[in-house]
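Trainee: Line order of the protein sequences matches chains G and L.
Residue numbers for the first sequence follow the working numbering, so the first one is 1 and each next one is one higher.
Residue numbers for the second sequence follow the working numbering, so the first one is 1001 and each next one is one higher.
Check each hint, because a few of them may be wrong.
To be verified - Derived CB-CB ranges, DEER-like:
| no. | chain 1 | residue 1 | chain 2 | residue 2 | range |
| --- | --- | --- | --- | --- | --- |
| 1 | G | R123 | L | R1127 | 49 to 55 Å |
| 2 | L | R1067 | G | D119 | 31 to 37 Å |
| 3 | L | E1200 | G | S173 | 36 to 42 Å |
These aren't lab readings, by the way, just hints derived from the structure by calculation.
Note that the structure is predicted; figures quoted are calculated from it, not measured.
Idealized CB from N, CA, C, for every residue including glycine.
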Amino acid sequence: MAVQGARPLPIVGVPSRRRRLGVSALVGLGILAVLIVLWAWGALAPPRDPLATDPASQLLPPGPGHLMGTDTYGRDVLSRVMAGAGLDLAIAASVTGVSFVVGVLVGALAGYHGGWIDDVVLRVVDVILSFPAFVLALAITAVLGNSVRNVVIAIAVAYTPYFVRLTRGEILSARRADYADNARAIGNPSWRIVLLHLLPNCIVPALVQASLTMGWSILDASGLSFLGLGIKPPTPEWGVEVGEGASNIVSGEWWTSVFPGLAITLAVLSFNLLGEAIQARFRPRR
Amino acid sequence: MTPPLLVVEDLTVAFEGDPRPVLDHVGLTVPDQAWMGLVGESGSGKTMTALALLGLLPPGARVVGGRALLEGRDLLRLPPDELRRVRGSRIGMIFQSPRSALNPLMTVGAQIARAVRRGGYERKPERAALDLLRKVRIPDPEARAQAYPHQLSGGMCQRVLIAMMLAVRPRLLIADEPTTGLDVTVQAEILELMQGLQRETGMAILLVSHDLGVIAENCQRVAVMYGGGVVEDAPTDELFHHPRHPYTAHLMATLVRADRPVDLASVLPGARAEEPPGAGCRYAGRCPHVEAACLSRPVRLEPVAPDHGVACRRHAELAPLSLEVKAGTRGREEAS
Chain G
1 MAVQGARPLP IVGVPSRRRR LGVSALVGLG ILAVLIVLWA WGALAPPRDP
51 LATDPASQLL PPGPGHLMGT DTYGRDVLSR VMAGAGLDLA IAASVTGVSF
101 VVGVLVGALA GYHGGWIDDV VLRVVDVILS FPAFVLALAI TAVLGNSVRN
151 VVIAIAVAYT PYFVRLTRGE ILSARRADYA DNARAIGNPS WRIVLLHLLP
201 NCIVPALVQA SLTMGWSILD ASGLSFLGLG IKPPTPEWGV EVGEGASNIV
251 SGEWWTSVFP GLAITLAVLS FNLLGEAIQA RFRPRR
Chain L
1001 MTPPLLVVED LTVAFEGDPR PVLDHVGLTV PDQAWMGLVG ESGSGKTMTA
1051 LALLGLLPPG ARVVGGRALL EGRDLLRLPP DELRRVRGSR IGMIFQSPRS
1101 ALNPLMTVGA QIARAVRRGG YERKPERAAL DLLRKVRIPD PEARAQAYPH
1151 QLSGGMCQRV LIAMMLAVRP RLLIADEPTT GLDVTVQAEI LELMQGLQRE
1201 TGMAILLVSH DLGVIAENCQ RVAVMYGGGV VEDAPTDELF HHPRHPYTAH
1251 LMATLVRADR PVDLASVLPG ARAEEPPGAG CRYAGRCPHV EAACLSRPVR
1301 LEPVAPDHGV ACRRHAELAP LSLEVKAGTR GREEAS
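Start from the sequences and build out the full structure, keeping to the hints where you can.
Mentor: What follows is the structure, given as structure tokens:
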């Protein structure tokens, strides 16, 4: 609400709303920033075309011309890692976006309405959760066929139940909170009470979960690709690159898979640290 | 006399699987444009009555019988969607703990502005919210509008809640212990504020409280609740000076007053009604005037004067009830 002449409250002892970021938040954000720079650099001015093969420069070790060396087909590993950053982060963001929105809304509905809707939702969630997320995603891509869209759908299906459960529990315990009853006493309809009053107060666990899901979905997407069920080669994707380079490790050309593998590790680490930071920032609550 | 705004008859509420109702044939008459008090001990059903009228009973509790006529419509039988429209516009409520009744993540200004929009009166809800903050006498409203509930004191939050109710302007405002937990000077300010606003808007106020002093000072009419039912419903003067129900008489005797010494022996004998009352009068377990017939069948509120109801089968022979309760009249022994 914009109010003319508003000024800070002269209140002593209320902690400032901006607290200092913790170490894990800083490290997590730092790594994420590096990955985003890599992606932007690769998108705007890649050192080499990530798809261009060059029979003359196969499996060159890291050096001045190719900072991360070249792979079996003579493609520049650095350019491919950069291009992979864009694709993998986009997949992670789509998976997280879809499972967050769907999971939170379904969870809120189940927790608020209760009754048979809650029963049906919980049973479906139980069924999905009874499979390990990765195995489920594997089965779904095997059925749907491998494309970027299908990989996103498969992983999103596997992670949505976590959001459903978290949000359902939070809404269930907050649904008769005094502020919700007060909103009811003014005549607010149920959907306004859920969306405007309950969800904002119940969203923190889902935010933490979202950050973790970012990391896990990168791991799952590249895992599927590594197994040949996700993104198809020669698309520059970290899992594809690790998979293609795996055979070279035995013969000593470690750089073809170690660098994309390192990128996966750092990305997952960054999102896990961010998740931890979000949790620390909001707990204990006021 | 103008017709009453709300007439509650035989309101009965029970929890699922519990044969003993928490509210048993509650009867109330709330006059229009006036203050009505609802007194009783903790657990006597005051808040439950209020929640039942708003259709906001806790999960598991449901209305088993009775009716509550507000402007000719039975609140207890309205479909959920219509009841929602009645809430706010016809009947509103101020909850017991002001701070937790506000959304912790929204500034109070935004919350009032939302209530203004709900009320549907203003084109500029933010401006209207500031006016309302001024109206409930919050100093420096521009700055306070930007504050979150945890940055305000309890009394301040109570004013914000009142402002929200003013935004939707209900005909009947239920105030559930609006001054509990506030210090005495703030209590007086809040009540004075509500007095002024009541005169200005002409709304009726149902003041739920266990503070007889507050009730006596503000209300034109009082209903006394005991153990899930109303035992007496009368104009304030009548009730305070000529109580017709033994429990009311007892309450009056326990009041600390300047014009007589404190009589510790007047403390009510027995514990508050916890045992199932069985078929008879719900007050029988502690009543000094109990007799065998009181235990055999339920006692309902019945008129003893045009606007005076009492739930006691001996009210006629006992009148006038002495305000002084003698030491040693142990209702419990006589009852058993």
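Trainee: The structure should be examined with respect to each hint, and the outcome stated for every one.
Mentor: Hints, one by one, checked against the model:
{"no.": "1", "hint": "G:R123 / L:R1127: 49 to 55 Å", "in the structure": "50 Å, holds"}
{"no.": "2", "hint": "L:R1067 / G:D119: 31 to 37 Å", "in the structure": "34 Å, holds"}
{"no.": "3", "hint": "L:E1200 / G:S173: 36 to 42 Å", "in the structure": "39 Å, holds"}
The earlier numbered hints are all upheld by this structure, with none contradicted.
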